[in-house]
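Same order as they appear, the protein sequences are chains D and S. Terminal number for the first sequence in the working numbering: 251, no gaps in between. Terminal number for the second sequence in the working numbering: 325, no gaps in between.
Simulated from the structure, these hints should not be mistaken for laboratory data. Nothing here was measured: the structure is a model prediction, and the numbers come from that model. The C-beta atom is built at its ideal place from N, Cα and C for all residues, glycine as well. Take these hints with a grain of salt, some might be off.
Only some residues are given here: those of chain S computed to face chain D with a beta carbon under 8 angstroms [claimed, not checked]: (1) 18; (2) 20; (3) 57; (4) 68; (5) 72; (6) 76; (7) 77; (8) 87; (9) 188; (10) 189; (11) 293; (12) 294; (13) 295; (14) 297.
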Amino acid sequence: MRDALFEFLCRMGDNTLVLGHRVSEWCGHAPVLEEDIALANTALDLIGQTQMWLGLAAEVEGADRSADDLAMLRDVWDFRNLLLVEQPNGDFGQTMMRQFLFDAWHLLMLQALTDSTDTRIAAIAAKAVKEAQYHLERSADTVIGLGDGTAESHRRMQAALDLLWPYVGEMFVADAVDDSLCAAGIAPDPATLRAAYEARIQTVMAEATLTLPDTGFAHQGGRTGRQHSEHLGHLLTQMQWLQRAYPGATW
Amino acid sequence: MYAQMVKSEASKDDPDKLAAFQARIDAGDKIEPKDWMPAGYRKTLIRQIGQHAHSEIVGQLPEGNWITRAPTLERKAILLAKVQDEAGHGLYLYCAAETLGVSRDELTEMLLDGRMKYSSIFNYPTLTWADMGAVGWLVDGAAIMNQVPLQRTSFGPYSRAMIRICKEESFHQRQGYDIMMKMCQGTDAQKRMAQDAMNRFWYPALMMFGPSDKDSVHSAQSMTWKIKMNTNDELRQKFVDQTVPQAEYLGLTIPDPDLVWNDDKGGYDFSEPDWSEFFDVIQGNGPCNTERLAARNKAWDDGAWVRDGLMAHAEKRAARKVAAE
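Same shape as in the complex, but just chain D:
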């Protein structure tokens, strides 16, 4: 159980770490000042959640590693984030579509985790769920606004949805880790989140006048660590550089 719990906590923490990193890449480059502030705020929330998830992962592992060690000193194959969150930012529309597809899942997952039998997990989820609620409101509004905006913004948002939709299915595929946590009442069976997720997506896409791609195909391999995309290695190269170049220093 300890291994499964560690794995699960890395999945939660790596999602927020990698997405927080991606969102922070926008700093100073957003389309409008309010978006610079909102993107930095989102990234900040996600990094804060990472500290909690990876902090607990390190504690559960009991191998004398810290949250920073997990973030800065693991290689690609040990990362457990969804492939979706490591995808590059693309244009602002692609960034916000990725955010919305993630937020809609993240909120449901965190809501379920507030009932976890593991009180440490329930406590983290209770704190993060408020932030995720706000992230979802904002990303949904932006997807709607740009989908139902000009012809160009509509075209770009549809392209973003077509590009990213095949990365959604991975959220709902259970493996042995999920089975054992679900049996212990620690985390939900991912598949049970799917109906509510799709209902939310359909409502927002209808309002955004966007069409969900007619494919059930799902890229997989991120949350199990079996096969990440090429993008993650480059992200880690940047994120981990100082810790790798100056081992043992205190910052």
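Given the structure of chain D, go ahead and fit chain S onto it with the hints provided.
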């Protein structure tokens, strides 16, 4: 100081009105947006507040340069919070400028096409993690030196924006000093980074206060109007006197062999920055001017479809609401 060399405007208004206005300023009244004010006061303030706002916006870039490479999760979170604060300061300041009758978009266009300036300091590169410490400690430290007195400036909205900004800036300066402490207590490589950052940022920080008083042609009118509260040299001296002991505590050497305590004046004597470098940077020839302006122009141009899309959606929604009523 995020606003440097702001050109002040002489006023050709009715002498009686001017005298009454000056009497209000001298009595310590706050001037509010709907009050009568000389045209020159308005123009000078638009330049100064606009330049300050632009500095906050461009100032995101040298620090944003290290967010993705911050060495720990905590440092990353702190830096994100700081850069987010700066964008927020830009927002308050643009709002303060808007009360004077200029829109944020107009000010932005003037930044992007080079008609308006931002602080020279943001045209220097951030090359190591210690630069995040130096920017917080020295650059924000110099900014605070200027902004604390501006809390008492005569224009109400600017004064209120400064009060909010100063609260956050002192947190920024502390986090910068904290980074420097860690670096100076760290490995040889970290100490080298810290000293290198000190060497590169010392004179550019001194330049933030603007040219020497003897060459500062715009100060007198602004000081009479309480748009500027202290002279450039007064603030620079205060900054040096405050910073030298902090550098000594860190074990860093200030790159000025002529720096010496002067008992008679109760402050340090120090070398002037190379003013020809300052004027080069102001004129667009600093190490990063081209990149900084290009980054802001790209953000604005690439974002046009987003702004247009959201505007079109808002109009459609408003039209649907009217149709439904």
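(request) Mind listing which of the numbered hints don't hold for this structure, in increasing order? (result) Going through the list in order, the structure violates hints 1, 2, 9, 11, 12, 14 and respects the others.
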